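Asks: The primary structure of each chain is shown beneath.
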Amino acid sequence: MKLTKEQLLGFYKTMTTIRAFEMKAAELFAAGQLPGFVHLYAGEEAVATGVCANLEQKDFITSTHRGHGHLIAKGGKIDLMMAELFGRSTGYCKGKGGSMHIADVDLGILGANGIVGAGQPIATGAALACKYKKNGAVVVCFFGDGASNRGTFHESLNMASIWRLPVVYVAENNMWGISNNQKNHMNVADIADRAGAYGIPGVAVDGNDVIAVYEAAAEAIKRARSGDGPSLIECKTWRHRGHFEGDPAIYKDPKEQEAWLKKDPIPRLAAKIIELKYASRAELDKIEADAEAEIEAAVKFAQASPIPSPEDVFTDVYAE
Amino acid sequence: MKLTKEQLLGFYKTMTTIRAFEMKAAELFAAGQLPGFVHLYAGEEAVATGVCANLEQKDFITSTHRGHGHLIAKGGKIDLMMAELFGRSTGYCKGKGGSMHIADVDLGILGANGIVGAGQPIATGAALACKYKKNGAVVVCFFGDGASNRGTFHESLNMASIWRLPVVYVAENNMWGISNNQKNHMNVADIADRAGAYGIPGVAVDGNDVIAVYEAAAEAIKRARSGDGPSLIECKTWRHRGHFEGDPAIYKDPKEQEAWLKKDPIPRLAAKIIELKYASRAELDKIEADAEAEIEAAVKFAQASPIPSPEDVFTDVYAE
Amino acid sequence: MKQMTYAEAIRDGMRVEMKRDPNVLLYGEDVGIFGGCFGVTAGLFEEFGPERVIDTPISETAIAGSAVGAAAAGLRPIAEIMFIDFMGVCMDEILNQAAKMRYMFGGKAKLPMVVRTPCGAGMSAAAQHSQSLEAWFTHIPGLKVVMPSTPADGKGLMAAAIRDDNPVIFIEHKQLLAVPGEVPEGEYVVPLGKADVKREGSDVTIIAWSWMVQKALAAAEALAAEGISAEILDPRTLVPLDKEAILKSVGKTNKLVIVHEAVKTGGFGAEIAALVCEEGFDLLDAPIKRVTAPDTPIPFAPVLEGAYLPNEEKIIKAVHDLF
Amino acid sequence: MKQMTYAEAIRDGMRVEMKRDPNVLLYGEDVGIFGGCFGVTAGLFEEFGPERVIDTPISETAIAGSAVGAAAAGLRPIAEIMFIDFMGVCMDEILNQAAKMRYMFGGKAKLPMVVRTPCGAGMSAAAQHSQSLEAWFTHIPGLKVVMPSTPADGKGLMAAAIRDDNPVIFIEHKQLLAVPGEVPEGEYVVPLGKADVKREGSDVTIIAWSWMVQKALAAAEALAAEGISAEILDPRTLVPLDKEAILKSVGKTNKLVIVHEAVKTGGFGAEIAALVCEEGFDLLDAPIKRVTAPDTPIPFAPVLEGAYLPNEEKIIKAVHDLF
Ligand SMILES: Cc1ncc(C[n+]2csc(CCOP(=O)(O)OP(=O)(O)O)c2C)c(N)n1
Ligand SMILES: Cc1ncc(C[n+]2csc(CCOP(=O)(O)OP(=O)(O)O)c2C)c(N)n1
Ligand SMILES: [Mg+2]
Ligand SMILES: [Mg+2]
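Chains as they are written, first to last, in this note's numbering: chain B, 121 to 440; chain X, 121 to 440; chain S, 57 to 379; chain R, 57 to 379.
Source of the hints: derived by calculation from the structure; they are not laboratory data. One should not assume that every hint holds.
[Said to hold, decoys possible] Derived DEER-like restraints, expressed as beta-carbon distance ranges:
#1 Glu-300(R) <-> Ala-278(S): 30 to 38 angstroms
#2 Lys-58(S) <-> Ala-151(X): 50 to 58 angstroms
#3 Gly-362(R) <-> Arg-76(S): 20 to 28 angstroms
#4 Met-179(R) <-> Asp-373(B): 55 to 63 angstroms
#5 Asp-77(R) <-> Val-253(S): 54 to 62 angstroms
#6 Pro-368(X) <-> Ala-234(S): 14 to 22 angstroms
#7 Lys-299(R) <-> Asp-367(B): 19 to 27 angstroms
#8 Lys-58(S) <-> Asp-405(X): 56 to 64 angstroms
#9 Leu-303(S) <-> Pro-368(X): 44 to 52 angstroms
Quick caveat, the model's predicted, so the values are computed rather than measured. All C-beta atoms, glycine included, are put in the ideal place defined by N, C-alpha and C.
Okay, chain B solo, but in the shape it has when bound (with noise of 0.2 angstroms):
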């Protein structure tokens, strides 16, 4: 599969984005700026952004704890984002939800959420109503290694399966739930092969790749779209950062990190682009300030936000 320049560039931007958004949040935690859990995607950007640049508008995901990433990538608003994240009545949710919750579904973003699997069934049900409507979208599913051990995952594909749900489980694999690495919860070297329990493909990439994962991922769209089923698609990658913001992640071996830093999904990709003359060096430094500068806007937006009124509390339990 050959990739356009814009392609590489449009990747290169969200990329940059994201990890400007989550550099950007990891110094506002620590500056107290920023209340609750905040679960940093940095590292692993090359997952969402591969995945998503191959769908469209009406196409839906579910994300998890570890949501901006995925969220900026299928088309999320910056700025309702960081309002969000600090809690103001102009963020995605209000300020009810915070980093854990946001969501647009509108754009097909069926939420970040705070308890692990449970997009898995989320995911398999949207699948159902796309292939009952037969509107031609397809559900991606976001969940970490950690969720692969989770009863919704089994249910989850095992239920799409039988249905030939239009839906793709992307399986993140950054080896770690919270402090527990992947060689003691569970005693297979690939996600991937979980697949086979339920006679859909499973396929293990590089997740920190995004050409790999684009690739991988647009196969599976494509089988989805087209009526054949479900997939499941491992992404190998590392978080950078500790499992929340605060989390020391004294449980790491710092060679292995150190070694996983060198695989920096970004700098990899910058390499791809100026070897394959796409852009320069200086362009994509561009590429950069200019994600840059949109989070600095957006914390902007943010801080000037107003705090919601005590009386918010009571509105949005039920629709009427």
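Given the structure of chain B, go ahead and fit chains X, S and R with the ligands onto it with the hints provided.
Replies: Showing chains X, S and R with the ligands alone in chain B's frame:
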């Protein structure tokens, strides 16, 4: 593996006892003598028999809603079982449990269970206890093809695998979860293949061949007992009757039913025994007649037993 | 009006709504040709076909969770959980997804979904197939909780539940399924949140729902013979709860007995008692009595289950205690 | 006596019991070298090793279900569920297995197991990480439900929970973890089922548990300044519930305010109100007030969460309403 005469005749006795118990229960249910739900094991006797023949008293099993066969095979007392079906105070559960909750913890029988799949984590935990206590005991977990789709299956097998627990998961694939055929509830031919998702051995055997079951179980139980961790055994079988008594099973293809009735595990074993000249037809008939007599005696015991008194409702909620 | 059983009426409610709105579909274990464990969905598979009446694997977590996803993506699913006892298997989906999604998203999602499930004892199905767990769902803001006691209410509340844009837990009582009654034909909607006086009275208010309405009505008959006039109030939906109707009735009778089949501690009867004690204290001239199951699991043997269940005599006794 | 935080005291309770009985072991997500999401188990892995302090996969169903099996097979497991909000994932194991096994088996099983789990809001953790779900567990006969409010109670009740032969749901409040207090050293057991008067008073009884005891004590201070003497009663265990202590205190003050952090409808406050209204009606000279969270999911933004939570002012206002 060469099985002795005693072994095969022992299997025959167990299987005919189970069958006699079940046919009597069917008769009693039809006559309105047994309250509640009654799920019969007729046709599947080779599974419990072949597996449990490898177990010692200290070993544990978890059973299902279709539990009579497992309980008998693990040494459960027929009269106490029958009295429980009648809801008498001499029953295993003093009439509080009924068919779906018979247990004998002293015999390692951790209960029939009305919740499909619930035995899977319970067995896993019992195996953790066995491993921790280093008492050489193992655990066998029985469950159906339908239960293989529950999240408990996934979480339990994964946990047992990473902790190398002494447990054998026995999937009794009778091809139906109530009215839902395996081809509609899973997209793989062999449940045994799901073992690969956990890095444990999985094998599918003819569940109507008690010797095949015995041998597969022997290997898996040996593995468990020697500290080499869990296995999954799938036994392909067929329930002769409806899901529960009273179910006319209209969803079954009569031809398929007929074909399976021909594969009845009891005549098959009889033929084998006769072929090996371990016993004559008349001797086998005697075993059967003895089994039937034992069941009759159990029915008499049950019918002569007192019904519980209303105040018994309040006891046994908490241990002191 | 047509004579129908409770089961037929609920089915009719589903059928009419499925005809009315192609986005309504029904799925669960054995809801297809088997017609559901208790026959409530019988015939719907034949009528609407396998795309709209779908048998699922034994995967309650995925059933409930997928209903959330399907509803968020534009359908109006009806998911059946075969026994309310199995709701424990999918409580996370109910508690943390269905009930909270709209709020967490700042009001930007609608979840028009119904979870149908049968409750109740009385058939010697023992501790894991006989429970009444409605109180749990009332303690989860974001859900509505419906418990019809008659065929007509079953049909009309089902229609309302399907049309509602929120997740509704619709609890059918196994002992009522075969009970007949007059039911309006065609489209028929009973609004959620409106209690129904099932019998007028002036001396004592008995609040009961689901199967217990029948027990309360029987008790009221017997009490009438002794000269005690009992008003039977059926809230029909526990959430939203018709507080006005409750306070109005207690204001009239000044005495309250609450009857439910669930175990006593933490049952929804406590909520009603607390409500009346908080907002209608001056209306009361006697303690509020609760007639409920005891705090034990549900036993198997008929004699034990009989002793366990609330019944006419226990209700009468509670009323007598107030006079 | 030693100065310890609530988290340290609970840990000490576990440590002492683990030393005392080799059959006690602890497992859950990240309870090992990570020390638990809130640090409560810190150091236990180092002290007792990987056979007794075990990190699990993210599999709450298997965690709770395996605790049932381990207990039935002779261990005394302590299973940690990282947030009470995740109990929905393993409710079947709690509801249908742990709570009922003994009864269903006719009294022939013992399940000495503790499920530890943190509850509560106050850290902007939003709707899925902040709940107070104790009422559910009180509605399941066969369970005991423990909610300590002080370090000493945390230690002593933990010991009692571990020694108890029944499944115990042990609920720790996140906002209390860092709160210090005097704690007896070595073996120390606070029996389950005994309420504690946290402050004596004569004008009004305030029943509160867990974090809300602190709020109630603060309110009592302020009320004392106005001349209202509030008695603060902490039930400490909701099941078994110390009814005598409750009726005794209400008998003294004739006024009752109940404070809990859970949402109002179906909260355990309703059970206490219903109990007093049923068994202590004549003791009351005013309505029973409940100070609780509103019937909404828990919002994220600090200002919203602040508005959501019960606090000193809301308690004081409720008390004022009674005078
Ligand atoms: C059902 C459930 N169990 C536990 C948690 C606590 N928790 C939050 S994130 C997390 C680790 C998730 O690991 P993984 O799925 O690999 O995702 P990652 O954090 O690595 O992106 C855990 C245990 C939760 N939120 N939900
Ligand atoms: C969690 C749960 N879901 C559904 C049921 C209802 N139910 C009882 S048995 C059964 C079918 C079980 O099929 P399988 O596991 O194959 O066992 P079999 O009956 O064939 O022995 C179902 C759906 C249940 N008891 N528990
Ligand atoms: Mg991970
Ligand atoms: Mg089966």
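Asks: A separate judgement is required for each hint: does it hold in the structure or not?
Replies: Hint-by-hint comparison with the structure:
For Glu-300(R) paired with Ala-278(S), a C-beta distance near 35 angstroms keeps the hint of 30 to 38 angstroms intact. The hint said 50 to 58 angstroms for the Cβ distance between Lys-58(S) and Ala-151(X), and at roughly 36 angstroms that hint is violated. Roughly 45 angstroms separates the CB atoms of Gly-362(R) and Arg-76(S), a value that falls outside the hinted 20 to 28 angstroms. Look at Met-179(R) against Asp-373(B): about 30 angstroms separates their beta carbons, and that is not inside 55 to 63 angstroms.
At roughly 58 angstroms, the beta carbons of Asp-77(R) and Val-253(S) sit within the given window of 54 to 62 angstroms. Under the hint 14 to 22 angstroms, the C-beta atoms of Pro-368(X) and Ala-234(S), about 18 angstroms apart, fit the expected range. Separation of Lys-299(R) from Asp-367(B) is about 44 angstroms and departs from the stated range, judged on CB atoms against 19 to 27 angstroms. A C-beta distance of roughly 58 angstroms is found between Lys-58(S) and Asp-405(X), which places it inside the suggested range of 56 to 64 angstroms.
Our hint of 44 to 52 angstroms for Leu-303(S) and Pro-368(X) holds, since their Cβ atoms are close to 51 angstroms apart.
Of the numbered hints listed earlier, those contradicted by the structure are 2, 3, 4 and 7.
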